[in-house]
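Student: Each chain, letter by letter, is given below.
There are 2 protein chains.
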Amino acid sequence: MKAALVAAALLVAAAPAIAADLKAEIQHDNERFSQAFNKGDAAAVAKMYTEHANALPPGAPIASGRAAIQKLWQGAIDGGYKNLSLTAVNVERTGDAAREIGRFSLDAPDAQKNIVKVEGKYVVIWKHEHDGWKLDTDIWNMNK
Amino acid sequence: MKAALVAAALLVAAAPAIAADLKAEIQHDNERFSQAFNKGDAAAVAKMYTEHANALPPGAPIASGRAAIQKLWQGAIDGGYKNLSLTAVNVERTGDAAREIGRFSLDAPDAQKNIVKVEGKYVVIWKHEHDGWKLDTDIWNMNK
Chain A
74 MKAALVAAAL LVAAAPAIAA DLKAEIQHDN ERFSQAFNKG DAAAVAKMYT
124 EHANALPPGA PIASGRAAIQ KLWQGAIDGG YKNLSLTAVN VERTGDAARE
174 IGRFSLDAPD AQKNIVKVEG KYVVIWKHEH DGWKLDTDIW NMNK
Chain B
74 MKAALVAAAL LVAAAPAIAA DLKAEIQHDN ERFSQAFNKG DAAAVAKMYT
124 EHANALPPGA PIASGRAAIQ KLWQGAIDGG YKNLSLTAVN VERTGDAARE
174 IGRFSLDAPD AQKNIVKVEG KYVVIWKHEH DGWKLDTDIW NMNK
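Chain order of the listed sequences is A and B.
Each position in the first sequence, counted from 1, maps to that position plus 73 in the working numbering.
Each position in the second sequence, counted from 1, maps to that position plus 73 in the working numbering.
Treat the hints as calculated values from the structure; they're not laboratory data.
Zero decoy hints are in this set.
Just so you know, same-sequence chains aren't split out, so a pair can sit in one copy or run between any two.
Only pairs whose alpha carbons sit at most 27 Å apart, straight line, appear in this in silico DSS-like list of lysine-lysine:
#1 Lys-200 to Lys-96
#2 Lys-144 to Lys-112
#3 Lys-120 to Lys-144
#4 Lys-155 to Lys-217
#5 Lys-186 to Lys-217
#6 Lys-186 to Lys-155
#7 Lys-144 to Lys-155
#8 Lys-155 to Lys-190
Looking at chain A on its own, in the form it has when it is part of the complex (with noise of 0.2 Å):
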């Protein structure tokens, strides 16, 4: 009885430091993934989304499947998007996902092919898979 209540115990105060493991846990992943984009390599970015993944950008239909979400960010390496930042800003467990509301700056051509910085916000739904999490359905848009 005593070990059990202090199981509990132990449970309740380790609680915050889950969700807390969590955030940084998928902020690790927002900065592999920034990193793999910075790089050029879409491929790298693309074998973070599960298989059957859903982005949905801006301006653009849906993009389903790694292949199609790979082709996505190639064309943005290619129209010349580079300097992303991913910030998550809260996240929540939801069975074996997890739901990431989070902010996001990148470098952009204009009109004009001016470079300009471009912020903007995200939702991010995270499935566990054996080798990690991985990004199921990603939507973004921009704050102006």
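Got chain A; can you put chain B on it based on the hints?
Tutor: Showing chain B alone in chain A's frame:
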């Protein structure tokens, strides 16, 4: 033993029906949402969200909490946005939440105040509360 097998078989048979029911249930809520919006009732729209929900509109900052979300939709109604239509495309349950990918269309005034049809896509994380499903995270963008 036989009863257990029959029960297991029934459960297997019921699984796709449950998934279809969830999508139909969410679509029913989508219709309540668009009806409230199209009547100009931002308070009724806001009540469909959880108390601490986040809405992430394109071209504007995150609206956190029901009051901010009501203000967001009141602004859209006052701005002349109308004839909202929402269609659930893919709904997946994760724990006590459901992830919906959907499509929307609505009539919106352009820079010259002409009404144009806008089409887009969205992701909603629904949470099940005592009185039904509520939008907890809501993000969208335009197709063009």
